[in-house]
Amino acid sequence: MNPDSRVNLERVSILLLDSSALGMSILAQIFSGFGARNLYKCWTVAEAKSLLLENEVDLIVLNDEVAGEPGFEVVRWLRRLPRNTNSFASTILVSGHIKRAVVQRTRDCGANFLVSKPLSPRVMLERVLWVSREKRPFLETADYAGPDRRYHVAEGAENLGRRRTDLEQDVANAMTASGMTVTGTTDSRNTGA
Amino acid sequence: MSEVRYIPNVNRLAKAMSGPGGKKVSQALDDADAGLAELTPPGVEAIDEALEAILSAVAAPGPLSAENREAIYREANRINAMGALFGLADMGKAAFSLCEVIDLLDVDLPSGRPAVDAHVRSLRILRGGGLLPTAEGEALLAGLDSLLAHIRAEAARR
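As they're listed, the protein sequences go chains A and B. Residues 1 to 193 in the working numbering are what the first sequence spells out, letter by letter. Residues 194 to 351 in the working numbering are what the second sequence spells out, letter by letter.
Bear in mind the hints are in silico, worked out from the structure with no lab data behind them. Cβ atoms here follow ideal geometry from the backbone N, Cα and C, with glycine treated the same way. Just to be clear, a hint being listed does not mean it is correct.
Stated by the list, open to error - Chain A is nowhere near these chain B residues, computed Cβ spacing over 10 Å in every case: (1) Pro201; (2) Met210; (3) Gly212; (4) Val251; (5) Ala252; (6) Ala253; (7) Ala277; (8) Ser304; (9) Val313; (10) Ile318; (11) Pro326; (12) Glu329; (13) Ser339; (14) Leu340; (15) Ala342.
To be verified - EDC-like cross-link-like pairs, simulated, lysine to aspartate or glutamate; straight-line CA separation at most 16 Å: (16) B:Lys208 <-> A:Glu56; (17) B:Lys217 <-> A:Glu10; (18) A:Lys41 <-> A:Glu56.
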């Protein structure tokens, strides 16, 4: 990250979801420090869902556990919402230690990025910038909806164009292996802006 | 036959972040750090509360109940999340290791309770220890790593 480059979150609407007062303060201080002005603070899953149904949000940052409810369920719910402008909103899931029993479900929830605690402003800003450059297409299957996971995160968004040309063959191979059919489509949910 | 549907990515975040304005990355990071520094007193207080809750959960000798295991896991995860933010990074690392141990205790391991106790003692030492030399803190964490490796191996054999 170039320290002299600029970051502009002034017009970005951000939903923060964390049920703990201190956890919410940490997220709010980080994003306020980055210059964000439009923070929606949600303390419960129900509050977040209600807000997402009624407001356009550009970035969602949520804890992996919200008052006893798994945060990843919010992402799964969001990605499956029919005809909602936020269905494919950029989403960063923040997690502490994840139990073995839920690691897979957490990784497969459809978030753009999983960030481990302890948070640091540097790591969070790097992830926000990465997500803002995200070009991965979204996939919907019977058991997954979210960014195409076959892109390697470490490669960075600048390499996605090169790999996109490889993708169709990847999908064809995967289809052949698993007996699936592919429908290419453009969905208006992802053009809500 | 199930269906895979492709949806092109129209990145609304990118659009919202474009345009003039904003601040330098270095300034953004400095401002975020300054904001977090304001949270240090309540953050350290929350870490101490979490440690107290862990001590309470391990107070009774013998096997840990499921309820106490869950309480220890929850509070250790809080310390893991906050330690490094509020100047107690070694505590955070020890707490993460404790989370790992607890997560492995869904099977009854002979070494489970001693491993939990060792982690809790380490957390107390690391919290109390402004006087603990860095090298000794690192040695303590290395010891917890070894202990965790032992627990993992034991769990894998079950």
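Checked hints:
At roughly 6 Å from the closest C-beta of chain A, the C-beta of Pro201 (chain B) falls inside 10 Å, breaking its exclusion from the interface. Listed as a non-interface residue, Met210 (chain B) fails to keep its Cβ farther than 10 Å from every Cβ of chain A; the least gap is roughly 5 Å. A beta-carbon of chain A comes within 10 Å of the beta-carbon of Gly212 (chain B); the shortest separation is about 7 Å. With a cut of 10 Å on Cβ distances, Val251 (chain B) stays outside the contact zone with chain A, its closest approach being about 18 Å.
In this structure Ala252 (chain B) is separated from chain A by more than 10 Å, as the shortest Cβ-Cβ distance comes to about 23 Å. Against chain A, the non-interface label of Ala253 (chain B) holds: every CB pair exceeds 10 Å, the least being about 24 Å. Under the 10 Å C-beta cut-off, the non-interface status given to Ala277 (chain B) relative to chain A is violated; the minimum distance is some 4 Å. Every CB of chain A lies more than 10 Å from the CB of Ser304 (chain B), the least distance being 18 Å, so the non-interface label holds.
In this structure Val313 (chain B) is separated from chain A by more than 10 Å, as the shortest Cβ-Cβ distance comes to about 16 Å. For Ile318 (chain B), the shortest C-beta to C-beta distance to chain A comes to about 20 Å, beyond the 10 Å cut-off, and the non-interface label holds. At roughly 23 Å, the least C-beta separation between Pro326 (chain B) and chain A is larger than 10 Å, which holds for a residue marked as non-interface. For Glu329 (chain B), the condition that its CB be more than 10 Å from all CB atoms of chain A holds, with the nearest at approximately 22 Å.
At the 10 Å boundary, the C-beta of Ser339 (chain B) stays outside the reach of chain A, the nearest C-beta of that chain being 19 Å off. With a cut of 10 Å on Cβ distances, Leu340 (chain B) stays outside the contact zone with chain A, its closest approach being about 16 Å. Ala342 (chain B), annotated as away from the interface, keeps every beta carbon of chain A farther than 10 Å; the closest lies near 16 Å. At roughly 13 Å between alpha-carbon atoms, Lys208 (chain B) and Glu56 (chain A) fall within 16 Å of each other, so this suggested pair holds.
Using a Cα cut-off of 16 Å, the hinted pair Lys217 (chain B) and Glu10 (chain A) holds, with the two alpha carbons roughly 13 Å apart. For a cut-off of 16 Å, the pair hint linking Lys41 (chain A) to Glu56 (chain A) stands: about 14 Å separates their Cα positions.
In this structure, the earlier hints numbered 1, 2, 3 and 7 are contradicted, and the remaining ones agree with it.
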